[in-house]
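Engineer: Listed here are the chains, written in short residue letters.
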Amino acid sequence: MSKRIDVENLNVYYGDFLAVEDVNINIESRSVTAFIGPSGCGKSTFLRTLNRMHEVIPGAYAKGKVMLDGEDLYGKGVDPVTVRSMVGMVFQRPNPFPTMSIRDNVLAGVKLNNKKISRSDADALVESSLKGANLWNEVKDRLDKPGSGLSGGQQQRLCIARTMAVKPDVVLMDEPCSALDPISTIAIEDLIHELKEQFTVVIVTHNMQQAQRVADKTAFFNIEGTGKPGKLVEYDDTATIFQNPSQKATEDYVSGRFG
Amino acid sequence: MLTNLSDSEERTGRRPGGETSRSSLANADTSGGRAGDKIFSGLSLGAGILIFVMLAAVAIFLTWQASPVLDIPATSVSGGEGFLNYVYPLVLGTLVAAIIALLIATPVGILVALYISHYAPAKVAKPVGYVIDLLAAIPSVVYGAWGMTVLSPALAPFYTWLSENFGFIPLFAGPASATGRTMMTAGIVLSIMILPIITSLCREIFIQTPQLHEEASLALGATRFEMIRQAVLPFARTGIISSVMLALGRALGETMAVALVLSTGGLQWSLIRTGNNTIAAEIALNYPEAFGNRLAELIAAGLMLFIITLIVNFIARAIIARYKEFSGAN
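From first to last, the protein sequence lines are chains A and B.
Sequential numbering of the first sequence, starting at 1, is according to this note's numbering.
Sequential numbering of the second sequence, starting at 1, is according to this note's numbering.
Treat the hints as calculated values from the structure; they're not laboratory data.
It should be emphasised that the depicted structure is a prediction, and the values quoted were computed from it without experimental measurement.
Incorrect hints may appear among the rest.
[What the hints assert, rightly or not] Output of the computed footprint for chain A on chain B, the stretches with three or more beta carbons under 8 Å from beta carbons of chain A:
no.	segment
1	215-226
2	234-246
[Claimed, not checked] Cβ pair distances, simulated, as ranges:
no.	chain 1	residue 1	chain 2	residue 2	range
3	B	E204	A	G59	23 to 29 Å
4	B	P210	A	G75	31 to 37 Å
5	A	Y14	B	L45	48 to 54 Å
6	A	D144	B	N286	54 to 60 Å
7	A	D252	B	E204	44 to 50 Å
8	B	S41	A	A124	55 to 61 Å
9	B	V108	A	Y14	31 to 37 Å
Cβ atoms here follow ideal geometry from the backbone N, Cα and C, with glycine treated the same way.
Please model the entire structure based on the sequences and the hints provided.
Structural biologist: Structure below.
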């Protein structure tokens, strides 16, 4: 399953502080979209509004619409818990549950809500998820060992497998490679290419080469100064953003003149 | 390597007299720090050894003072049936009081700690935390007095009701104590005394749960309760065990509160009848008038308590070690 995302007039607040102002963006299903921009421009904050994870911080809230195939995530009676099981997330630093084995890590999301799953179904899901995350061959002999014993890149792929096992419609990635070495980064990027056959992928990255390698479309976020809200400056095909942007700020950023 | 280093120091001019900088690597500049390092490592080693010396001194004292018990004829021991028959009701009583206290304080303590760390708004969490810590500041003699004069009479009707309705369970067999000064009351008072230990330690550990893991769980679609089960409790497991064991240590050794609350007597199943006794209370009540054989008896009972506490600690260590691989410390 894969769904498109349409965001209308979204404003994100931390208490009284407006962090991200008036974002409108349409993200196609089965595509990879990259968010780029300088630190503090609100791209991670905006990403976290797409699965209502920003609400974890006390006082944070969002106004506007985020439509997942036409269904508003911020509509009345929508439970953030349901939203998060439909829109999965991979974090900046690999965060497998240290107390769980590799196998249990993959099944962590599936076992929530007291869902019962038979042993054979669980085995099949573990295998398919780990294969989907290109990790199966490396861990198939030690599924009962703790996930924290893997290398950083392997842990991050384990987290991706864990997210895939829940079968979300969208996978959000918040700088998934920033804590990884170049080899592991390539492994994750290859994986992102495969992920878009099943999921809508949105990735925040500081690495502009990475955005060019993985993304179909790229959104550039910017901030005018400290204390000002972040804004979506330009959103277009990745090639256009990097070679022929329509905004001066975008051109300055992608050509390395600031940020 | 050395030349390169002194060259660069000369160039950057960080150190005046660069031509001597080659020897300055080994000069007296750093020896002050070295000596400090040695003194500190000596001090910390000394402190570590001191623990062992004190523990050994206590163990030797207890064993030495208790050894006459072996020579006393069985008929001369209190109760007249030998030391083991004298001490085992006390050991059981001690364990029962501590277990009642733990059964009550562990779930309550963990729930309160979770409320403070994960549910309560910051405005409420802090005062609740302070109040719990205040419980730890109340002297045990005050708990004892309160348990004897307030809690016991208040519980007495409840015990009567228990014995009338659940008297078929040996633990609640009647006739219930009219004063309410029973093993059950002692256990309840102990549970209030050890509650702050469990709560404050668990709260500290729950707060330290990495945000990464909490978010990982939430992002998979966990409710707050599921997140606590998935991320917080496993992370805190060894900490919870440690806090419970610390609390158990306090409950086992607690003297004044039990001595005041409990109307002591022989060992029996019923928790709500007058009777039962604990090692600590037995020693506290009888030590001032004891001499000769009686003194050796009491000290031997103290040695038993010492051994029980050691065993409890070893079990706790073993449990913690079992989960080491999955503790997140690696």
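Engineer: Take the hints in turn and mark each one as holding or not.
Structural biologist: Status of each hint after checking the structure:
no., hint, verdict
1, 215-226, "holds (count 10)"
2, 234-246, "holds (count 3)"
3, B:E204 / A:G59: 23 to 29 Å, "holds, 24 Å"
4, B:P210 / A:G75: 31 to 37 Å, "holds, 32 Å"
5, A:Y14 / B:L45: 48 to 54 Å, "holds, 50 Å"
6, A:D144 / B:N286: 54 to 60 Å, "holds, 55 Å"
7, A:D252 / B:E204: 44 to 50 Å, "holds, 48 Å"
8, B:S41 / A:A124: 55 to 61 Å, "holds, 56 Å"
9, B:V108 / A:Y14: 31 to 37 Å, "holds, 35 Å"
Every hint from the earlier list agrees with this structure, and none is contradicted.
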